[in-house]
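Novice: Given the coordinates of chain R, work out where chain U with the ligands should sit on it, guided by the hints.
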Amino acid sequence: MLSVRGLQKRFGARVAVDGVSFAIKPGEVYGLLGPNGAGKTTSISMIAGILARDAGEVEIDGLDIDAGPPARAQIGIVPQAITLYLDLTARENLHFWGRMYDRRGDGLRRAVEEALQAVGLTKRADDVVSTYSGGMQRRLNLACGILHQPKLLILDEPTVGVDPQSRSAIFELVERLRDEGTAILYTTHYMEEAERLCSRIGIIDAGKLITEGTRSELVADLGRAVRIEIGLEHDEGLERAVSVVTGLEGVHSAAVVAERLHVFADEGAHRLPPLLTALLNTGLVVANVKVVEPSLEDVFLRLTGRMLRD
Amino acid sequence: MRYAWTICLKDLRQRLRDRTALMLAVVVPLVLTTLMGLALGRSESFRMRLAIADLDGSELSQAFLAFVERPSLQGIVYVNRVDSLAAAEAAVTDGNAEGAVVLQAGFAKAARASRTVPVEILAAGDHPFSARMTEALVRDFLSRATATATTESARAIPSVLPLSPGGRLRTVDFFAASMAVLFLTFTVLSGVRALQSEIDSGTIVRLMATPAEPVIILAGKFAALVIVGLVQMAVMIVATSLLFGTSWGNPLPVVVLVGTSVLMAIGLTAFFMSLAENAEQGQGLASIVIFLLAVVGGQFLPPQGLPDVFETLNRLTPNGQAFRGFTDLAAAAGTGSVRTILEPLLVTGGVGLSGIAFAAVKARKALQRAL
Ligand SMILES: Nc1ncnc2c1ncn2[C@@H]1O[C@H](COP(=O)(O)OP(=O)(O)O)[C@@H](O)[C@H]1O
Ligand SMILES: [Mg+2]
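Residue numbers (my numbering), protein chains in the order written: chain R, 102 to 411; chain U, 249 to 619.
In case anyone wonders, no lab produced these hints; they're calculated from the structure.
Only part of the chain U face toward chain R is listed, based on derived beta-carbon distances under 8 Å:
| hint | residue |
| --- | --- |
| 1 | Thr254 |
| 2 | Asp266 |
| 3 | Ser449 |
| 4 | Gly450 |
| 5 | Arg454 |
| 6 | Thr458 |
Simulated DEER-style distance windows between Cβ atoms:
| hint | chain 1 | residue 1 | chain 2 | residue 2 | range |
| --- | --- | --- | --- | --- | --- |
| 7 | R | Arg106 | U | Arg250 | 30 to 36 Å |
| 8 | U | Val463 | R | Asp228 | 33 to 39 Å |
| 9 | U | Val609 | R | Asp167 | 23 to 29 Å |
C-beta atoms are modelled at their ideal positions from N, C-alpha and C, and glycine is treated no differently.
This is chain R alone, in the form it adopts within the complex (with noise of 0.2 Å):
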């Protein structure tokens, strides 16, 4: 449905997005997994054909993004700022952009309501927007983009700031328009949510796409490592706790994650006692330590020597 090849767009000296490829099919939620700054929202501009790309093709359904109208009519996009007509009302918000879609008429009214009912607003579809919760306008936010019936839908991190209620509510949508057979392509620096919703994940940091798989696919890349975190008595010596068990056998890398040192190392109990052994004997005090099984985190972890939720 979606076939992405070799996206490029530099900002001036900026390289944002850099030799971005993949492909979606239908019925398929593609995950762009990566933390903030990485290129997603540029690479989806590009997409939706609103961003000029640099270098690169964009296909959907067989037609060049740059064939205009009849391409950019297969999509629906939902951006990641709520963007909403705050002075009108829902049912208004929906019915424009129907409109702007080309729905007319019977079709056009039974979409919105469709539309409203699969978001959970229809009892507050005639109140003015700006009188909704954060959650209620990512959810109608949501709706705007899926009323027609798009082939293609690309999210742009949904859920951010959302309410617990409406994140469940956008996920039970997501699976519902993916079993109806459109093609997702959702970006999102959650990795739980990656996890949960999407059958293929891109992992992409500063514009390039580093790696890509199932979710089984990436941790199994892995090999059979483990993360050990571990909480120093002194924050201070935590850099100096990176170099010291770096050259330890079977330590893959070590950095330092939100005042913890995280060591990547060969899976195994025998591990344990000499890192902290080496530890003990440049005088740093362990306080306490974690043994953590193999995420997405992990694999981000692994790639860029970060954590994805910095």
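Specialist: Positioned in the frame of chain R, the structure of chain U with the ligands alone reads:
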């Protein structure tokens, strides 16, 4: 095109939803017009004493006298005949007349030959409005007289001069025009602000993702602004006509001037909006500037007795030009034409188009940043 219409309707709906803006557009200017008219005008009509020296003594010069003394101008223009340039000057300097017209010998001949006619117009320095009125009278007369003179040579000219109704400009009418122009700018400003907030809030991103091309989106937004401006002016014109009996002059030139004034309002407000960081700031900046321009242009003071400098400032401000055009048309009554307001038309239209062009270029850049 359907997309443009959809966008235009959506924008109009948003404008209608803003109660404060509606109040500001319709109720406030009417209330202000009434108050200012009452407070400053003592509801009296504009009056002017005009000294005329006919040194030509031709049929045409007598026709001018008849033109100025016609029934519709009675009670407004008081004609006082004098017999020399010196006497005319004396009448003005001694304060016996606000204006004087001296038709020199050779007036008729020059008019028939379509050459520059020897006419002296004198006016008291502290009555710019009377000066304009005098000039308008002479200009009107000549434009009709020469038109007929060249085609029909020496036929009886007075008979072909139609008598125009009205032609009065009272204080309340002055403020009707003044407030109409001022609030036109404010109303359009709130529309331009909405355009800016479309960029600020990111809805423009959604718009650009739709199948509609950018030009069409712009066209829809522009159409909404024009409609809002036209409706605002129409409401003011109709309401002041009904409430105060204001006569705005010949419909055709009034409509043309309304058009260029709306352009001016869009260009002016878009210009200031585009200088600001966001909609909020832009609206503040533009409001202050519009208000200052109106004050400087003399739009808040009654016309009689304004110092000359206001006349000049008036011509230097775009909103002042629009306002001046409307008062000229009202003063010219049935004789007003597009030529009467050539300068206001050119200035308002020019300012409008340049402001819009400038803002469009800036908006393109802002859009790049918004994405
Ligand atoms: N319009 C722009 N001008 C300059 N730099 C930009 C612009 N948009 C994004 N960037 C930069 O490009 C990088 C990627 O941004 P973005 O795509 O918004 O990241 P994400 O959506 O993953 O958080 C960032 O470093 C950001 O500062
Ligand atoms: Mg983003």
